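**Student:** Construct all of the structure, not just a fragment, from the sequences and the given hints.
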Amino acid sequence: MNDGAVLSVKDLRVYYDTDAGTVKAVDGVSFELRPGERLGLVGESGSGKSTMALALMRLHKPPARIAGGEVLLDGVGDVMKLDDDGLRRIRLDRLALVPQGAMNSLNPVMRIRDQLADGIRTHEPGDTRDDLAERIQAQLSRVGLDSEVGGKFPHELSGGMKQRVAIAIGTSLSPSVIIADEPTSALDVVVQRQVMETLRSVQEELGASVLIVGHDMGLMAQIADRMGVMYAGKLVELAPVHDLFTNPQHPYTRLLIESVPTLMAKRALASIPGAPPTLINVPPGCPFHPRCPSAFEPCDSEVPLPTAQNGRVVSCHLYPGEAA
Amino acid sequence: MTAFLEMANVSKVFSAGIIRRQHTVAVDDVTMTIDEQSPSILAVAGESGSGKTTLARLLLGVIPPSSGEVIYRGQSVDDLSREQRRTYLREIQPIFQDPFESYNPFYKVDHVLTVPAQKFQLAATKQETTRLIHEALDMVGLQPAETLGRFPHQLSGGQRQRVMVARAMLLRPRLIVADEPVSMVDASLRATILESIRRMKQELGISVVYITHDLTTAYQIADNILVMYKGSVVEAGSVEQVIRDPKHPYTQLLVSSIPQPDPSLPWGADGEIAGDPESMEVAATGCKFVDRCPVAFEPCAGQRPLLFHEHLSRAAACFQYDKSPALEGQNLDLVFEPQLTSQAAGGSEGPAAN
Ligand SMILES: Nc1ncnc2c1ncn2[C@@H]1O[C@H](COP(=O)(O)OP(=O)(O)OP(=O)(O)O)[C@@H](O)[C@H]1O
Ligand SMILES: Nc1ncnc2c1ncn2[C@@H]1O[C@H](COP(=O)(O)OP(=O)(O)OP(=O)(O)O)[C@@H](O)[C@H]1O
Ligand code: SF4
Ligand code: SF4
Ligand SMILES: [Mg+2]
Ligand SMILES: [Mg+2]
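In the order they appear, the protein sequences are chains W and P. Here this note's numbering is used: position 274 in the first sequence is 274, and no number is missing along the way. Basically this note's numbering = 1-based index in the second sequence + 324.
It is possible that some hints are incorrect.
Partial selection, computed: residues in chain W whose CB lies under 8 Å from chain P [as the list claims (entries may be wrong)]:
1. Leu59
2. His60
3. Asp118
4. Pro154
5. Arg193
6. Val241
If you are wondering where the hints come from, they were derived from the structure by calculation, not from laboratory data. Since the structure is predicted, the reported quantities are computational estimates derived from the model, not experimental observations. Idealized CB from N, CA, C, for every residue including glycine.
**Tutor:** Printed below as a string of structure tokens:
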């Protein structure tokens, strides 16, 4: 593993087998998550972000299957090769997931404290009741919630509070990697900022790394250290956040950023022409070529491989260079 | 002006708890009209839990108001005949907030499109129905071949959300009530969907109530906006006024908290946000924002501020503006554009335009 990455994903492939064909939802993705960093993952809706987030923890469900690649977790080895027992041990404890729509998947008939206790108990059955109560208390205060929230049911909480509970549950065993899938997409911007600050402070306290999946480019610009961009099952660009916004290299990234509206001027909303590709029948060559304004000779036949320079990686024929 | 749908002093109170009964005023005295002749897009923004979805459910007739009336084509929604209720249910289409809850997991996604198509007899033949469905999917950037025949869990979050948008478009209603329709899709698709919503307004005369946390897209596509805080409208008017130049301290906080897509700009004003933003308690008297307001002053804790008609196209419920007249009848139509109700209607005391 290079430079002590916490998580190193190599050529990961996750496919869904369906009657209509194979959906290549994640198709050869490689990246590293560095210690203590916040990596933002954006990209087209349906490009495989959630599938990958789940697969990193082997939480994907059939018909999804790992079709190749490895996910090396520091000190553990390849997550893709762990047996059930090994998996159970690393989940929550090393790798934690706050899934898409988490705040709506809290158990409606269970008090918050019992939902928190469940996660802790399955991992550390030895804990006494007093220990457990203390842990729950600490966990709630870590996400900025009052201890009396523990006695409430989900419907008695606001969206922001529920989302913080989901973060508290996900991080109750001090994981070294937190994967959060659209953690704030249902919240107002003031609460968004608070939930993000909560996530950031939990992360800093734990010294953990975070992978945040989302669509809000403004939020990503504010929270991420580095950003990855997915298109049609591939990671097409990976760069420090500042570079990505000021100098996007991949044409898809550039057009995505251009389609973000501002409060400056009122104008028609710009979108990328053409339709999103189907992942059953991905266009040959560069998957973006049918929509790419810069497409040229090799694009419709040769798949562009990732190349690296200046700490960024891009998969586009416009940037021939050293293989990443 | 032909009123299509009106809210007349509509409030909704939820009661919970058996021993210690708690009352949540989810919508507090809203009066406004959705006009038939001049379609418009109204954005509804505000705090999580401030009553936006409740407002939508009242418009859709899913829940009855606790007081006041929702009036459809001149008749209270409570008193509609079966036939009238049927047209009402067709003419107002929802796009629900949570794409995870809008589907029955046992049916293929086709179900949410074919059932209403049949129920409302959109087309004479099966082929025609299929054509309409494909057209609607196309408008939201979905490929029919990749969408139809699948179960909801086989689609991504954003794909499910777009099927719900396509469903609303399919039915060609007069009003679409869209609750966070694009919160889970990428920026480009957001633009595609919102532009098709705007086109529906322009070309088909469909009005839209667009509930969102995204004030930037609200600014881009809406004509007017209503900002809610703990059930009350705290500011309303044209998007130019309210978003570009917010006057209510809550709206100001909201606008300054928009994360900018530029890593070199700070997110929000410095420092902690005062008070407990998510406390569900509301003081019985006084401004609901008083415990968080950085500029609260003498009258704020004692009385609840009315909406003051601070500008031709804006009203704000804040004592800082009590030199302006109270908004007549607290009727939001008076600040929404295009201004249909003639200015003279109110009599002598005009708003203090500045
Ligand atoms: N169970 C399934 N069977 C078949 N295809 C699936 C299944 N689940 C997801 N897919 C497909 O896999 C692709 C990737 O889905 P995924 O949920 O990972 O996308 P995403 O990038 O998270 O999108 P979003 O931003 O909309 O949440 C999509 O095209 C989706 O239709
Ligand atoms: N069926 C119900 N029973 C009791 N209380 C309810 C019910 N529905 C909503 N509420 C309460 O009414 C208030 C307004 O809720 P609503 O869902 O309308 O907010 P919202 O503005 O849509 O929030 P969000 O931005 O999180 O979607 C909240 O305090 C909520 O807890
Ligand atoms: S490889 Fe070619 S088609 Fe693909 S993004 Fe680059 S220029 Fe465009
Ligand atoms: S009425 Fe007073 S407390 Fe309320 S927003 Fe205005 S200044 Fe602040
Ligand atoms: Mg997803
Ligand atoms: Mg809502």
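**Student:** So, for every hint listed, does it hold in this structure?
**Tutor:** Structure-based check of each hint:
1. Leu59: violated, 14 Å
2. His60: violated, 12 Å
3. Asp118: violated, 21 Å
4. Pro154: violated, 13 Å
5. Arg193: holds, 5 Å
6. Val241: OK, holds: Val241 (chain W) within 8 Å of chain P, min 5 Å.
Hint check: violations occur at hints 1, 2, 3, 4; the rest are consistent with the structure.
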